[in-house]
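Asker: Listed below are the residues making up each chain.
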Amino acid sequence: MGRLHAEEMVLNMGPQHPSTHGVLRLKLRTDGEIVSHIEPVIGYLHRSFEKHAENLEYQMVTPFTGRCDYLGAMGSEHGYAMAVEKMMGIELPERVEYLRVIFAELQRIASHLVALGTFGLDVGAITPFIYCFRERELILDLFEMASGARLLYNYIWIGGLAHDIPPGFVEKTYEFLDAFDKHVAEYNQILTGNKIFIERAADIGVMTPEIAINYGVTGPSLRASGVNIDIRRTQPYSIYDRFDFDVPLGEGIHGTVGDSWDRYYVRVLEMKESAKIVRQALDQLPVEGDVKSAIPRRIRPPKGEIYFRSENPRGELGYYIVSDGKNVPLRLKMRSPAFSNLSVINEIGQGFMISDVIAILGSLDIVLGEIDR
Amino acid sequence: MKEQEIYADLSAKFGDKIIEFVEEETLNPTVIVKPAALDEICNYLKDSEDLQFDSLMNLAGHDADGESDLSVIYHLYSTSIKHYITLKTFASRDTPAVKSIAKIYRTADWHEREAYDLYGIIFEGHPDLKRILMEEDWEGYPLRKDYVAAEFYRGMRIEKVK
Numbered sequence: 001m002g003r004l005h006a007e008e009m010v011l012n013m014g015p016q017h018p019s020t021h022g023v024l025r026l027k028l029r030t031d032g033e034i035v036s037h038i039e040p041v042i043g044y045l046h047r048s049f050e051k052h053a054e055n056l057e058y059q060m061v062t063p064f065t066g067r068c069d070y071l072g073a074m075g076s077e078h079g080y081a082m083a084v085e086k087m088m089g090i091e092l093p094e095r096v097e098y099l100r101v102i103f104a105e106l107q108r109i110a111s112h113l114v115a116l117g118t119f120g121l122d123v124g125a126i127t128p129f130i131y132c133f134r135e136r137e138l139i140l141d142l143f144e145m146a147s148g149a150r151l152l153y154n155y156i157w158i159g160g161l162a163h164d165i166p167p168g169f170v171e172k173t174y175e176f177l178d179a180f181d182k183h184v185a186e187y188n189q190i191l192t193g194n195k196i197f198i199e200r201a202a203d204i205g206v207m208t209p210e211i212a213i214n215y216g217v218t219g220p221s222l223r224a225s226g227v228n229i230d231i232r233r234t235q236p237y238s239i240y241d242r243f244d245f246d247v248p249l250g251e252g253i254h255g256t257v258g259d260s261w262d263r264y265y266v267r268v269l270e271m272k273e274s275a276k277i278v279r280q281a282l283d284q285l286p287v288e289g290d291v292k293s294a295i296p297r298r299i300r301p302p303k304g305e306i307y308f309r310s311e312n313p314r315g316e317l318g319y320y321i322v323s324d325g326k327n328v329p330l331r332l333k334m335r336s337p338a339f340s341n342l343s344v345i346n347e348i349g350q351g352f353m354i355s356d357v358i359a360i361l362g363s364l365d366i367v368l369g370e371i372d373r
Numbered sequence: 374m375k376e377q378e379i380y381a382d383l384s385a386k387f388g389d390k391i392i393e394f395v396e397e398e399t400l401n402p403t404v405i406v407k408p409a410a411l412d413e414i415c416n417y418l419k420d421s422e423d424l425q426f427d428s429l430m431n432l433a434g435h436d437a438d439g440e441s442d443l444s445v446i447y448h449l450y451s452t453s454i455k456h457y458i459t460l461k462t463f464a465s466r467d468t469p470a471v472k473s474i475a476k477i478y479r480t481a482d483w484h485e486r487e488a489y490d491l492y493g494i495i496f497e498g499h500p501d502l503k504r505i506l507m508e509e510d511w512e513g514y515p516l517r518k519d520y521v522a523a524e525f526y527r528g529m530r531i532e533k534v535k
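Chains A and B, in that order, are what the protein sequence lines are.
First residue of the first sequence: 1, per the working numbering; consecutive thereafter.
First residue of the second sequence: 374, per the working numbering; consecutive thereafter.
Only chain A is shown next, with the shape it has when bound in the complex (with noise of 0.2 Å):
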């Protein structure tokens, strides 16, 4: 009897493929079923957006910002405006504040409604999809209502906002919060406490902390791990300090600390402690204040460098932004979460079924449009 000839296979997943959300490849090297190494090969949507930004006025990068993290436009041009503000020293009104508080946790939860129902969909449950997409419609409505669109907004600039919010706007999204509590209780019976998907989520692509941190993984995935690190705690920016809310953790349910089905666990309990956040924000909104009063005429941050960071629905947004006192910016980079947050699937997503690494993918909750930027 001759031995079985088994020998390594390379595996290309990608970049047509339906489970890597959006254009990335990964090159798998498996034996058999079993996949012993993962390189993730990017750059497919790269449209030189830093290149870009160095030839274009500050104001004029905003839907740049957008553009890079297309689930999370709100978080991406608060970022941006921010680091901005802080290089010019420009104090906003409440008001402009607390409305940019708003839409940036409105963001989140639709964003992580993206993450929850396209992970569903990756390992095979179609049904919780139609559910996540069915309220993040309602989100998008909010955004369309204030803004006029539903996916790219260019609504928060430097020193305010594109223009207030309309009539009944707070209203309707107090209807939103009212019902949403009921329809994570939704999500709960549908999905997080399925049987076929806590099997396929438990215990799969189990990340420690100190992988996590030492690869860069930040905002959700990070604290699925374990590791209270909530930039929007840690190191308050805008007004997140006056608002009540919890950072939840992994807590291993139904397998260990940090794996996937904590890291998907995670984002539902995020999306609640965001409404909460949103209902205080509406609760405490001034009815004062002209949110274009702020806007400075020239922008023009003086010579100087900066590296600030926020939190958004993928982790830690980054922009390091170096001015020689023009009106275009001489090196804009964006530190990506989505990028760090990748790097690590090749630690992670070792021995594993080539269908788990599907599943970790799912989990990571990737964008490749601010991967490749």
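These are computed hints drawn from the structure, not numbers from a lab.
This structure is a prediction, so every number in the text was calculated from the model and none was measured.
Where hints are given, some of them may not hold.
What the simulated footprint calls covered on chain B by chain A, stretch by stretch (three residues with Cβ under 8 Å from a Cβ of chain A suffice, anywhere in the stretch; the number is not a length) [as the list claims (entries may be wrong)]: (1) 384-391; (2) 399-412; (3) 428-437; (4) 476-483.
Virtual Cβ for every residue (Gly too), placed ideally from N, Cα, C.
Given the coordinates of chain A, assemble chain B onto it according to the supplied hints.
Answerer: Below, chain B alone, put in the same frame as chain A:
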């Protein structure tokens, strides 16, 4: 610890490998270091009991004017002590060599590849230094200020910026 104290600690330990401390014209006080000493400095920053810089938030290449030296900027953070420091190092335009810290902070692996891709900075000791965002056969380093795009790439005309 304050950035000033971290600088004092570093210069006591590393002497002339630490060049200077910059507080003006930056919102993140910066320690300028020599490119060849970067790995040992980062090792110390990470392992020292009082510093514990376990997280590299960001790594960025930079070209100020297209003539002078290229620079690399490192933004570090300690998740346990919650303090910050920024390192900066300069590398000559013709032979831009900087010690890699990809083995110390795995975050740097991809970020160094990006800086290599867009600025042509060579990170010595990087496990797999190759282009990451651009195509592997792309000519030149697009974010350098003196970069002029080739006219064609694989037979396709490249549109001019501006």
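Asker: With reference to the structure, classify each hint as holding or not holding.
Answerer: Results for each hint:
Using a Cβ-Cβ cut-off of 8 Å, 0 residues of the region 384-391 of chain B lie near chain A, which falls short of the minimum of three, so the contact claim is violated. Coverage of the region 399-412 of chain B by chain A holds in this model, with 3 residues showing a Cβ closer than 8 Å to a Cβ of that chain against a need of three. Using a Cβ-Cβ cut-off of 8 Å, 8 residues of the region 428-437 of chain B lie near chain A, which meets the minimum of three, so the contact claim holds. Residues of the region 476-483 of chain B lying with their CB closer than 8 Å to a CB of chain A number 5, which satisfies the three-residue condition for coverage.
In summary, the structure is inconsistent with hint 1 from the numbered list given earlier, while agreeing with all the others.
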